[in-house]
Amino acid sequence: MGMNKLEVFRLLANRRLPGEATEAEQLAQTSLATFIANMLASYEQHVAPIPGAEETFAFLRARGIKIAIDTGFDATIGGLIMRKLNWPGRLVDTVVYSSDVPRGRPAPYLIFRAMERLDILDVRKVMKLGDSPADLEEGYNAGCSEVIGVLSGAHTTATLSPHYHTRIIPSVADLPALFS
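Numbering (the working numbering), first residue to last: 14 to 193.
Worth flagging that the hints you see were computed from the coordinates, not collected in a lab. Each hint should be verified, as a subset may be incorrect.
No farther apart than 16 Å at their CA atoms in a straight line, the calculated lysine to aspartate or glutamate pairs in the EDC-like style are these [unchecked claim]:
no. : residue 1 : residue 2
1   : Lys18     : Asp87
2   : Lys97     : Asp113
3   : Lys79     : Glu129
4   : Lys79     : Asp113
5   : Lys18     : Asp113
6   : Lys79     : Asp132
7   : Lys97     : Glu57
8   : Lys79     : Glu68
9   : Lys97     : Glu67
If you anchor each label on the Cβ, the simulated ranges turn out as follows [said to hold, decoys possible]:
no. : residue 1 : residue 2 : range
10  : Arg103    : Arg28     : 39 to 49 Å
11  : Val136    : Gly92     : 19 to 29 Å
12  : Gln58     : Leu131    : 31 to 41 Å
13  : Ser165    : Phe192    : 32 to 42 Å
14  : Ser193    : Thr47     : 42 to 52 Å
15  : Ala88     : Ser165    : 23 to 33 Å
16  : Gln42     : Leu131    : 24 to 34 Å
17  : Ile78     : Gly156    : 15 to 25 Å
18  : Leu30     : Ser193    : 45 to 55 Å
19  : Arg28     : Ala50     : 15 to 25 Å
20  : Arg96     : Ser165    : 36 to 46 Å
21  : Ala190    : Gly102    : 23 to 33 Å
22  : Gln39     : Ser184    : 32 to 42 Å
Everything numeric in this text was worked out from a predicted model, so none of it was measured. All C-beta atoms in this analysis are idealised placements derived from N, C-alpha and C, irrespective of residue type, glycine included.
Sequences are here, hints too, so could you generate the full structure?
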C-alpha cells in the first residue's frame, strides 16, 4: 500500500518470472491494466473521505498551512478520487500522483514535487502524514521534520511502529489537537 502500482506489479511479475524480463513486463502491464479498470469501477461507485479529514484540512488552511496530497495511485485513479471528493482547490493546494514522479514511495520524490509546486524550500517545514509503512519511509527519506502515522487506514500500530515516525495518531481527525 502507498507504493507506485506499476512498480509493485513489476516487482511481483519479476518474482514470478525471474530472468524473463519481456514476459515479466507484459504480465506487469496486463496486471496494472486490470487493477486500474477494477479500481476505476469501484471508485466510480463510491468514494468517501475519512471521517474528520475535511475538517482537518479546513483547520489547517484557516491557519495558512499549505496542504498537499500525494498518492501511490496514478493520475487516472487518483484523479478520479480527487474529482469525486472535490478536494483540489477547495481543501488541498496540490495533488501529486505516482505518475508525476520517476519513482514512487518510499522514494521522497512525491514530497519534493509537492514542495516544488507549493514553493516550499525547506523540507524541515514539511509534515508528512500517512497510513502505510511506505508513507512513513517516504517522509523519512525526504527529511520531513514530522512523520506522523495515522491508524485510520489499513495498518495498525504494530505494523507502523517499526518504521520511522515522530508520532502515531488514531486518525487525521486528531491532527488539529497537536496544534493546541
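Here is how each hint holds up against the structure:
1. Lys18 / Asp87: Holds, at roughly 8 Å.
2. Lys97 / Asp113: With a Cα-Cα distance of about 20 Å, the restraint between Lys97 and Asp113 is violated, given a limit of 16 Å.
3. Lys79 / Glu129: holds, 12 Å
4. Lys79 / Asp113: violated, 19 Å
5. Lys18 / Asp113: holds, 13 Å
6. Lys79 / Asp132: Answer holds: Lys79 to Asp132 is near 10 Å, not above 16 Å.
7. Lys97 / Glu57: holds, 8 Å
8. Lys79 / Glu68: holds, 15 Å
9. Lys97 / Glu67: With a Cα-Cα distance of about 13 Å, the restraint between Lys97 and Glu67 holds, given a limit of 16 Å.
10. Arg103 / Arg28: 39 to 49 Å: holds, 41 Å
11. Val136 / Gly92: 19 to 29 Å: holds, 26 Å
12. Gln58 / Leu131: 31 to 41 Å: About 32 Å separates the Cβ atoms of Gln58 and Leu131, which means 31 to 41 Å holds.
13. Ser165 / Phe192: 32 to 42 Å: At 18 Å between Cβs, range violated.
14. Ser193 / Thr47: 42 to 52 Å: holds, 46 Å
15. Ala88 / Ser165: 23 to 33 Å: holds, 24 Å
16. Gln42 / Leu131: 24 to 34 Å: Taking Cβ atoms as reference, Gln42 and Leu131 lie about 33 Å apart, which means the hint holds.
17. Ile78 / Gly156: 15 to 25 Å: holds, 19 Å
18. Leu30 / Ser193: 45 to 55 Å: holds, 54 Å
19. Arg28 / Ala50: 15 to 25 Å: holds, 23 Å
20. Arg96 / Ser165: 36 to 46 Å: Taking Cβ atoms as reference, Arg96 and Ser165 lie about 22 Å apart, which means the hint is violated.
21. Ala190 / Gly102: 23 to 33 Å: Taking Cβ atoms as reference, Ala190 and Gly102 lie about 27 Å apart, which means the hint holds.
22. Gln39 / Ser184: 32 to 42 Å: holds, 41 Å
Checked against the numbered hints above, the structure breaks hints 2, 4, 13 and 20 and satisfies the rest.
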